[in-house]
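Which chain is which? The protein sequence lines are Y and C, in order.
In short: position in the first sequence from 1, add 22, done, that's our numbering.
In short: position in the second sequence from 1, add 117, done, that's our numbering.
Bear in mind the hints are in silico, worked out from the structure with no lab data behind them.
Below are the DMTMM-like pairs computed for lysine to aspartate or glutamate, each with C-alpha atoms no more than 20 Å apart in a straight line: (1) Y:Lys530 to C:Glu202; (2) Y:Lys526 to C:Asp199; (3) C:Lys162 to C:Glu181; (4) C:Lys239 to Y:Glu441; (5) Y:Lys530 to C:Glu174.
Model, not experiment: these values are computed from the prediction.
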Amino acid sequence: MVAEKAIMDMTEDHNPQHDGDCALHYEENLLWEKERSDSPGVDLPEPQGTPSRTGVAERGDIGLPQVSEPQALRHFVRMSTWNYSIDHGFFPLGSCTMKHNPRLNEKVARNPGFAHIHPMQPESTVQGALGLMYELQEWLAELTNLPGVCLSPAAGAHGELAGMMTIRRAHEQKGEIQKRKIVLTPDSAHGTNPATAVTCGFEVRNMPTSETGILTMEAFKEALYATDPDGADIAGMMVTNPNTCGLFEKDIIEIADLLHEAGGYFYMDGANFNALVGKIRPGDFGVDVMHINLHKTFSTPHGGGGPGSGPICCTEELAQFMPVPTVIKNGDTYKLETIEDRPASVGRLKGYQGQFGMHVRALSYMLSHGADGLKRVSEDAVLNANYILRQLEGDYFAPYAGQGPCMHEALVTDKFQKEQGVQTLDIAKALIEKGFHPMTVYFPLTRPGTMLIEPTETESKDSIDRFITVMKDIANEAKTNDNAADHFHNFPLSSPRRRLDEVKAARKPQLRWKTA
Amino acid sequence: MAETKYTEDHEAVYVDGDVAWVGITKYAQEALGDLVFVELPEVGKALSKGDEFAVVESVKTAAEVYSPVDGEVVEANDNMPDDLELIAKDLADGGWIVKIKISDASQLDGLMDEAAYQDYLKTLD
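Chain Y on its own, in the form it takes in the complex (with noise of 0.2 Å):
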């Protein structure tokens, strides 16, 4: 009977209020709301006179769960068919690449040359391994044009902070870190940027980006020369390019040759690398030091399939401070080095050698691609952008088409959807009702309302032109319907959970659990 009811929402007005499960739909509860059964999956036998070594009494029940490992593992899945990811279906989110993870990449990361190895065997029993981050170093470096190579960072903000305590230790060795306490921001930028940049000592300076999304010479001048006639309290900047708002930075090479005639170093967040790579390197056009997000640019998984990996890159300058280790090679010999034998490096910032196994899947990755198929990535993920971007520059306030093409992100406001009472929140809810994961939200903060879309380069037009029929659908909607805004404000409909009250939530918050 409940099944039947369900189905009968379901049809009626697309809100399956079932308590249980229904077709592929699972309801499911916490562990802790399972009947207690008697047969936990371990079992162990009781403990017999051994008296407590730790002085601590020994304890009670402590109410875990108790649960068979069949239960335990129904629980996780049927838990799982509620998520969505890149494998189920389009994953727009810019700001954040989600695009295909090659199963090429995971069989060679399986070799058991590489998945059973340990960091801290003798170095001379994993030569090959070794050679592997060799090899990828080199290939950052040449895809970079900058020649010191650290793949240790775990992610792309553990990134950021390797590259801005480089920037750092060098004043520090210049003797100008005293005078030197100044980092400039655009206000497009990621909020880890002003964040690394404060963690390691410095203070923020805010550039405003221009009605054209970009960063104009006037604003950086201003912001360079504001306290210090020749902008010798400028320790550096960090800038996105292309930009968060989707946008190349056209001016970069004045911009990066005033700040390099001030004395500031140039760090360049590379989240948005994948629509460079094999088209300019930013060696050439004036970046100091960058990270790169192996699980955007070069399809790692992330996102919950992780871990991250954030390799830095660098100038000869400032490779003496980068953190240790890279590899280095000595004659047919692969070794990591260590704090002798680069003193001058910042030291070490990760456990052994970072995340070795998304080395593996990077190099893999490009190999497989080659130059001239990583070349064909970006101009793929670029071309893509730019074909959402044409569709929907009609239906959605598009800022920054007017002038031109975008780069691997199209950003459009919710603009005209707000006369009706439509909000960003509201267009994103109905693209979980329709099917599909929304884009970034509220960001970059340029504009009021964002949405940064990125479709990738590994989407077929089959799935991108799908998309772009529900946001013209959406649109529609939000323009004809006579009460849009209750309308929208009820998706989604079919979703496991409704739309939660965040206001609430954060509000009156139950930080604990109670059974009924």
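Knowing the structure of chain Y, use the given hints to seat chain C on it.
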């Protein structure tokens, strides 16, 4: 009764004698969405024009609130953290966040009146 004045950062200012009652405008409230948190300054804190004196946080974002004048915090709205709906009220009716004793009244001249602020809003977005 004094009229309400506005800043480009969407603070609303109601002047009562030499005290400015400062809150945020309707536009700012709509841009932020429902508030979930407000952090108030200490009474007695000295402020320069443009100093951050409070933080308002919604489910979408967090924003700083800046002082429209030089002065000193003489009162913070202690009711607001427990009743965030207050922010939507008129300044004189409980919607103020702080009261600032004004050091330099001439700074008020730089603020916008209602009509100028409405014109300013049209230039945004």
